[in-house]
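Residue numbers (the working numbering), protein chains in the order written: chain E, 1 to 46; chain H, 1001 to 1710.
Some hints could be false.
[As the list claims (entries may be wrong)] One-sided excerpt, in silico: chain H residues whose CB lies under 10 Å from chain E: (1) E1045; (2) L1047; (3) M1117.
Source of the hints: derived by calculation from the structure; they are not laboratory data.
Positions of the beta carbon are idealized from the N, C-alpha and C atoms, including for glycine.
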Amino acid sequence: MNVLVILVPCSLILGLGALVAFVWTLRSDQYSDPEGDAQRILLDDD
Amino acid sequence: MSVASCPGCLAAAPAAEAVGRDTGLPTHELILPGVHCVACIRSIEGLLNARPDIAAARVNLSRKRVAITAEPGLDPAPWITALTGIGFEAHEARDAGRHAQDDGLTLRLGIAGFAMMNVMLLSVAVWSGATDATRDFFHWIAATIALPAALYCAQPFFRSAWSALRGARLNMDVPIALAILLACGLSLYETMHGGEHAYFDAALSLTFFLLAGRVLEKRMRQAARSAAADLAALEPMRVTRIEGATRVSVPVEDVDAGEILWLAAGARVPIDGVLVSANVQLDRSALTGESDEISVTQGAPLTAGEVVLTGPVTMRTTVAAKGSTLRRLIQIAAQAEGARSRYTSLADRAAGVYAPLVHGLSFAAFVGWSVASGDVYHALTVAIATLIITCPCALGLAVPAVATVATGRLFRMGLLVKSETALERLAEVDTVVFDKTGTLSAATLVVPDAMPDAARAVLKALAEASAHPLSRSVLPALREVTAAQLDGVTEHRGNGVSGLWQGQRVRFGNSAWVGVGRGTVLALGATHHVLERREQVFADATETLSRLRDMGLEVHILTGDVAANASRVAAELSVDHVHAEVGPEAKQDLIEALQAEGRKVVMVGDGLNDTLALTRAWASIAPGTALEASQNAADVVLLGQHLSGIPTAIGVARSARRRILENFGLAACYNAVAIPLALAGFASPLMAALAMSTSSITVTLNALRTKAKL
């Protein structure tokens, strides 16, 4: 069961990483125009 | 950024760059009902960003708006004109920058999701047989994640439950808050005493699924609110005031009594006043339903809401903007107690049954087990487990998930749903009442079949040059014709249009001015053609009405117009129930009378005289061309397209209602299995997790089946 000492913190850090990424997407306003962002991929002039 | 190719833009671009492309928050927002793809985004942003007076413009496709950063208080009229020039209808939005508030609901949802997944992983280890120290260790880790997360994420429920309890009421949030708190409390106690069962995962998944429902609900409410704001923007917000020799564009709210305003042809009278110019023709149909235009002379009173057909004219206001008839009518409509406030939503009705049931069962379980076994601790565990398992996860998602899907589908089809319960009410209607003028028909000039092709070409050229709606009404009939080349085309205010065609003087206008014939006349030199004025039913009216009848709805026509006109239109559309010469109050009484017979009426109307009827009806629909007051009173507004949206809206509403009821049924099925087990004391954290997640997922998947099936 000693492996838990490594695995539990590992899983927590990974989860925390995902949470930080989510907070970042929220801060940088990535949910205000999902449809437009999907279409903007097709713009090639900037 | 790419730079446009004209010299003006080349000069302007550095200036715009100097202002800074992302300086601060947007100052203006324009509503763009027509934007739908990446090409639209490109041309709109290209056009606006090239302007020297705009620092930055960004299109939001989901909201169909463009946010513009510029000098605050700048008049957006030139931008709107420029956008119209490249084919985009645009309106100024009043609520610019006000939408962005998110009270952290999405963040809470994200945190709850993160915590739920981690605790779930730990729980899986416990369920698969972790014992003793390992189990306690996992429980402790779960507790350190779950307790702060639940306390933070579930705050909206705690707050709502607390305010309900303070008012001595019970709402859906009371069992929810209680279940979350008790699940956390019981689990913490069990963890500290090395117990077997901890419900941390249940507390978190409960929070997560319910928050998901809340987020959907909030998005929908926001969409409904911004739909209402979109409509307010269609009212003239800015008017042209004459100050000495100059014309200034000012917001309509700033206009006082006794000021001189300038109105273009086709403009709506913004405020009550008197006519300063010589005589003018008015379209009063929005106010009274009359389909004939009326002529008024200098000094005659003008009422807000009338449309000036022969412009431009000047008028003097007699009241300030706030005292205007239009405003007063809007206020009356807003204050009238409508079906909206009398209707209890399906979710509230379900909550009314559910909340007492959950509390009652848990309490019964506690009393029952205490008496039967004498073990108060065990009885409490069973009671809490019952509360956790019966908690309305799926119920919290059942309505918002369906409503989000349905309003989203309708929005994409150009239908704005303004009221939260509109779809539920629309699903129940069995009678459709149409207003005639403006909704089913409009006055048009009929091009005689005998007219030669050369005359048709001239007519098209003259009609295109005119701003008068009646003149322009011949254009759809001349779609195939190529317009003739004319020289020196001039519009004669109040009379018609004239020009030179192959050296010949051609005129199109009223007979008194042309000098021959009667009514409206097209004169080519010495020959002339009389164009008959008649009321034309909209192209899609017949099909829409037959679709509505196929759906089992009874169709009525209700109009303020004279009986002869009404029965002719009714005959054309084969409608049996016609009520003509009905005033605004009488319209309302008629709707009431129909509803007193036990019918549920959906009123479709666009005029001010329909406002009261719209408010009174069980549900209401207004076309996008309607006045602000009627659009405010209506539940659903059809943008862009015309009548065909009505059967679609009712179809989607019916489908949505069916899904909501199915969802309640599904949630009830899960509970029917889970509750007896919980009451019997067999409830385990694993069972709670299974019941909660599967029922929530089933309900959401079922919501996706909502469609526009008839």
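Query raised in the report: Are there hints from earlier that the structure breaks, and if so, what are their numbers?
Result: Of the numbered hints given earlier, the structure breaks just one, which is hint 2.
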